[in-house]
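Trainee: One-letter residues, chain by chain:
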Amino acid sequence: MTKNSKESSESKEGEGKCKCAEIIQLLVDDEASNDQIEFFESHTEECLSCLEEYQFDAEFKSIIREKVLKLNIPNDLIPSIKEKLAQYV
Amino acid sequence: MTEVESFQKADYSRKDKLRVFDNEFMPHVNSMYNFAYRLTFDEDEAKDLVQETYMKAYRFINSFQTGTNAKAWLFRILKNSFINDFRKKSKQPAKVDYQEVESYYNSEDVDKSITTDLRIDAFKDMLGDEITNALNSLAVDFRTVIILCDLEGFTYEEMAKILDIPIGTVRSRLHRARNLLKDKLNSYAKTMGYQN
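Here the protein sequences line up with chains A and B, keeping their order. Counting in the numbering used here, the first sequence runs from 415 upward without gaps. Counting in the numbering used here, the second sequence runs from 4 upward without gaps.
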């Protein structure tokens, strides 16, 4: 790679990175627009670090969703709601 | 807009009210209890908070439009009840003031402090207890956005309505909350030897 083409590639990667930080979160949360998706897909053809960041964040979200413990509701909760409702109605 | 206000009020019969209550509200009781517990960290308070939310939901049921998002509507009532009533009388020690936390973490330093050597495998190896404890240790407002988005699957728009904040604030608060959680888990992983 010549010096000029290397500089150009780094500059492109740097510009994309700022925009990507925002887009990565939107993609992970399924909130990105079609334009943003298109931009990211095109950008990550050249920028591995943004692709890896996206993959990390998507996996992190899924780990949180799967691993955070879910509590069972107390046995008396639904009956007590029904009882209070019956008193109110 | 108040928690129960909407553009057009329904006019349900008593029978319809009970049908809406049973079919649209009660299926969310598990999520409601989990949210209430993660706000209060007390089983009795969580139960009271859920009961109070359901009673308010019934009382103001004419403000609920059938077919709209009942879960988001209920979460909004629960969150407001927590702020208005339970937070004041909570057995929990006083929480850190959100503005204080947010202004601290809004500084540039927080992003710089997030380590760059995070390894996803270290998080995968962690137990549910360890990840749950890290989430629970976040300040309530950061914890809440992660619960709403990552555990309950609400959209940014729904979260903005539940929390009464602009969508931009939802986005930035979520970004910072996740960075804080990554940072906590990364420190923990290093301490416990998950990362070499």
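Treat the hints as calculated values from the structure; they're not laboratory data. Where a beta carbon is used, it is the ideal one built from N, C-alpha and C, also for glycine. Among the hints, erroneous ones may be present.
Stated by the list, open to error - Each pair of labels, with its calculated beta carbon distance range:
| no. | chain 1 | residue 1 | chain 2 | residue 2 | range |
| --- | --- | --- | --- | --- | --- |
| 1 | A | Glu497 | B | Asn139 | 29 to 35 angstroms |
| 2 | B | Asp14 | A | Glu452 | 45 to 51 angstroms |
| 3 | B | Lys127 | A | Lys484 | 15 to 21 angstroms |
| 4 | B | Gly70 | A | Glu480 | 27 to 33 angstroms |
| 5 | A | Lys496 | B | Tyr15 | 15 to 21 angstroms |
| 6 | A | Glu466 | B | Lys18 | 52 to 58 angstroms |
| 7 | B | Lys18 | A | Phe453 | 28 to 34 angstroms |
| 8 | A | Lys498 | B | Thr69 | 19 to 25 angstroms |
| 9 | B | Thr69 | A | Ala500 | 52 to 58 angstroms |
| 10 | B | Arg122 | A | Glu459 | 21 to 27 angstroms |
| 11 | A | Glu452 | B | Tyr15 | 17 to 23 angstroms |
| 12 | A | Lys433 | B | Thr194 | 32 to 38 angstroms |
| 13 | A | Asn489 | B | Thr194 | 34 to 40 angstroms |
Trainee: Hint by hint, say whether it matches the structure.
Mentor: Going through the hints against the structure:
1. Glu497/A to Asn139/B: 29 to 35 angstroms: 31 angstroms Cβ-Cβ, so the 29 to 35 angstroms window holds.
2. Asp14/B to Glu452/A: 45 to 51 angstroms: For Glu452/A against Asp14/B, whose Cβ atoms are near 47 angstroms apart, the range 45 to 51 angstroms holds.
3. Lys127/B to Lys484/A: 15 to 21 angstroms: Because 19 angstroms falls inside the window, the suggested range holds.
4. Gly70/B to Glu480/A: 27 to 33 angstroms: Holds, at about 31 angstroms.
5. Lys496/A to Tyr15/B: 15 to 21 angstroms: 18 angstroms, holds
6. Glu466/A to Lys18/B: 52 to 58 angstroms: 56 angstroms, holds
7. Lys18/B to Phe453/A: 28 to 34 angstroms: For Phe453/A against Lys18/B, whose Cβ atoms are near 53 angstroms apart, the range 28 to 34 angstroms is violated.
8. Lys498/A to Thr69/B: 19 to 25 angstroms: This hint holds: roughly 23 angstroms between Cβ atoms.
9. Thr69/B to Ala500/A: 52 to 58 angstroms: 22 angstroms, violated
10. Arg122/B to Glu459/A: 21 to 27 angstroms: About 25 angstroms separates the Cβ atoms of Arg122/B and Glu459/A, which means 21 to 27 angstroms holds.
11. Glu452/A to Tyr15/B: 17 to 23 angstroms: 46 angstroms, violated
12. Lys433/A to Thr194/B: 32 to 38 angstroms: 35 angstroms, holds
13. Asn489/A to Thr194/B: 34 to 40 angstroms: 38 angstroms, holds
Hints 7, 9 and 11 from the list above are not met by this structure, while the remaining hints are.
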